[in-house]
Amino acid sequence: MNWLDALMPHLVVAPILLPMFTAALLLFPGEQARTAKSVVNLLSCLLGLAIAIFLVYWVHRQNGVGAIGVYLPSNWQVPFGIVLAVDRLSALMLLMTSIIGLGSLMFSVAGWDRAGVHFHSLFQLQLMGLNGAFLTADLFNLFVFFEIMLTASYGLLLHGTGWPRVRSGLHYITMNLLASFLFLLGIALLYGVTGTLNMADMALKIPLIPAGDRGLLHAGAAVLAVAFLAKAAAWPLNFWLPPAYAAACPPVSALFAIMTKVGLYAILRLWTLLFPPTAVGSALFGSEVLVWGGLATLGFASIGVLASTHLQRLVGFSVLVSSGTLLAAFGFSHSALTGGALYYLMSSTLALAALFLVTDLIERSRQTEEAVPEENFDDEQFPFPIDLVPPEHTNLDEQEQALIGKAIPAAMAFLGMSFMLCALLVSGLPPMSGFIGKAVMLTAVLNPEGLAVTDAVPRSAAWVMLALVIVSGLMATVSFSRAGIRFFWAPHDRAAPRLRVIECLPIVAMLAVCVLLVARAEPVLRYTDLAARALHDPRDYIRSVMAAQTVKEGHKLPAAGTLEGKP
1 MNWLDALMPH
11 LVVAPILLPM
21 FTAALLLFPG
31 EQARTAKSVV
41 NLLSCLLGLA
51 IAIFLVYWVH
61 RQNGVGAIGV
71 YLPSNWQVPF
81 GIVLAVDRLS
91 ALMLLMTSII
101 GLGSLMFSVA
111 GWDRAGVHFH
121 SLFQLQLMGL
131 NGAFLTADLF
141 NLFVFFEIML
151 TASYGLLLHG
161 TGWPRVRSGL
171 HYITMNLLAS
181 FLFLLGIALL
191 YGVTGTLNMA
201 DMALKIPLIP
211 AGDRGLLHAG
221 AAVLAVAFLA
231 KAAAWPLNFW
241 LPPAYAAACP
251 PVSALFAIMT
261 KVGLYAILRL
271 WTLLFPPTAV
281 GSALFGSEVL
291 VWGGLATLGF
301 ASIGVLASTH
311 LQRLVGFSVL
321 VSSGTLLAAF
331 GFSHSALTGG
341 ALYYLMSSTL
351 ALAALFLVTD
361 LIERSRQTEE
371 AVPEENFDDE
381 QFPFPIDLVP
391 PEHTNLDEQE
401 QALIGKAIPA
411 AMAFLGMSFM
421 LCALLVSGLP
431 PMSGFIGKAV
441 MLTAVLNPEG
451 LAVTDAVPRS
461 AAWVMLALVI
471 VSGLMATVSF
481 SRAGIRFFWA
491 PHDRAAPRLR
501 VIECLPIVAM
511 LAVCVLLVAR
521 AEPVLRYTDL
531 AARALHDPRD
541 YIRSVMAAQT
551 VKEGHKLPAA
561 GTLEGKP
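The sequence shown begins at 1 in the numbering used here and counts up one residue at a time.
One should not assume that every hint holds.
Said to hold, decoys possible - Per label pair, the in silico range of CB-to-CB distance:
#1 Arg167 <-> Ala467: 33 to 43 Å
#2 Gly116 <-> Ile502: 16 to 26 Å
#3 Ala467 <-> Gly215: 27 to 37 Å
#4 Leu516 <-> Phe181: 51 to 61 Å
#5 Asn75 <-> Trp463: 49 to 59 Å
#6 Pro164 <-> Val515: 30 to 40 Å
#7 Phe80 <-> Leu25: 30 to 40 Å
Hints were generated in silico from the structure; no laboratory data involved.
Just so you know, these numbers come straight off a predicted model, no measurement behind them.
All residues carry an ideal CB built from backbone N, CA and C; glycine is no exception.
Required output: the full structure, derived from the provided sequences and hints.
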């Protein structure tokens with residue numbers, strides 16, 4: 001046992017405890033101590049990112065497909081107590097949350113955290129709810145962490161002022177309260193049929209359910225699915241998302257880019273666990289609905305992307321494109337397709353989070369009326385013009401301005417490059433990671449038995465997905481090109497905005513991770529493929545959770561449960 005194995009039991013619960021204690025600590029200082037609160041919040045997010053990296057490293061270095069760490073916070077025997085479990089998928093989602101959370105927080109401390117009260121506490125509670133949802137192994141605590149996450153998101157969405165924010169916030173709150181009611185109703189139905197809330201135990205009991213009660217089981221699962229689909233913004237339950245995300249302050253919208261992925265995560269986790277192809281009487285229950293629901297979402301979102309003229313709404317509909325693509329891919333219940341979808345999930349979520357931040361800076365450039373400073377810039381500002389001096393005897397336009405060699409303010413150059421990279425990623429154009437993710441998914445959906453099998457016949461839904469993915473990418477390209485021309489090419493006399501380094505740094509970091517996904521595509525795809533294979537063969541997960549042992553008095557804490565260490 002090395003130091004990491006000894007630390008593992010505490011690392012599993014740390015992503016929940018750390019933001020919980022930080023949120024409580026940040027309630028004590030008054031609003032006048034914003035600088036101190038910002039520093040504490042940033043340090044907590046940095047520590048959370050380090051913990052997430054350790055968890056990814058731990059699960060990745062385990063041999064084989066199964067790599068599961070189990071922790072019993074209440075020290076009660078499974079399935080009667082609370083259970084936390086981390087596997088490759090959970091660790092991946094924790095890492096995504098940490099990166100986006102840290103980036104959003106850095107952007108917000110430049111000024112957005114002053115738009116209202118208790119921003120930092122709500123931000124940490126949001127992280128706590130997200131991390132808990134990815135770690136919990138029972139349905140009731142999944143509901144609890146969903147509610148923590150949503151309650152914090154209500155406050156964050158209404159952070160600031162303005163009637164559009166209040167109106168969209170009320171729609172968002174109403175929709176999520178209805179989804180929460182369905183969530184609780186679905187849990188009650190499933191508990192009534194199976195007699196347990198532990199997901200692994202439920203997976204063991206589903207094959208034993210009498211045929212007469214199987215209809216009630218399916219009804220409970222369907223009600224639960226509606227709640228998850230509403231949170232994943234599947235059509236027609238997604239009317240609230242574009243206006244709500246457009247109305248929220250940009251760092252909150254960036255953090256919300258991971259919110260729809262929580263609903264998708266819950267569907268993927270539960271459906272691969274409860275309804276695998278081997279589930280007697282309930283094999284692949286609802287898979288067709290997920291496929292066609294995802295394709296309908298993708299088609300609806302593509303039209304919305306093409307029709308959007310408001311930049312934030314364009315990004316909001318792009319979130320729906322990502323959700324629809326992932327939902328359809330998960331519905332096919334194929335490990336190779338799921339592995340590609342998890343890679344695409346990382347790329348699209350990071351790109352959308354960065355794009356939400358870029359849109360705020362673009363809007364600032366449209367509103368600024370100050371002239372471009374020429375000298376004595378502050379170190380925290382980023383308006384430096386790239387002072388290109390036009391050569392003599394150069395061609396002039398009708399206004400006696402040089403046709404070449406015009407000065408391009410560095411701030412506008414940064415915004416233009418960032419916007420272009422985000423557009424390439426979201427549209428899925430080569431050579432960016434969005435293209436790689438889509439290529440892997442389409443290869444898997446058209447070759448369900450592998451490239452070596454030439455006589456495999458794809459399903460009709462596979463051809464529809466192929467067409468919609470290509471068309472949605474084309475529509476996104478057209479829409480982002482149109483927006484780029486309007487915001488960067490057409491204006492001539494617009495002053496450059498004054499940007500802070502702390503605003504630009506998270507955008508650069510998230511886009512750098514996307515570029516890293518391209519450079520390290522092979523090992524990342526290997527990781528997501530292992531995660532997908534473990535999901536579609538859940539026996540290791542079930543065995544590890546059910547075999548978790550309580551800690552006896554006077555005994556040392558065991559290392560986190562792994563497949564290799566279990567009988």
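Are leucine 516 and phenylalanine 181 spaced within 51 to 61 Å by their CB atoms?
-> violated (41 Å)
- Message: Please check whether glycine 116 and isoleucine 502 have a Cβ separation lying inside 16 to 26 Å.
- Response: Taking Cβ atoms as reference, glycine 116 and isoleucine 502 lie about 19 Å apart, which means the hint holds.
Is the hinted range of 30 to 40 Å satisfied by the C-beta distance from proline 164 to valine 515?
holds (35 Å)
Outcome of range test on Cβ distance (arginine 167, alanine 467; 33 to 43 Å)
Holds - the Cβ-Cβ distance for arginine 167 and alanine 467, about 36 Å, lies within 33 to 43 Å.
Supplied distance hint 30 to 40 Å, evaluated on CB atoms of phenylalanine 80 and leucine 25:
holds (32 Å)
Item checked: Range hint compliance [Cβ, alanine 467 to glycine 215, 27 to 37 Å] -> Once the Cβ atoms are compared, 36 Å apart, the range 27 to 37 Å for glycine 215 and alanine 467 holds.
- Is it true that the C-beta distance of asparagine 75 to tryptophan 463 lies inside 49 to 59 Å, as the hint says? holds (52 Å)
The structure shown violates just one earlier hint, number 4.
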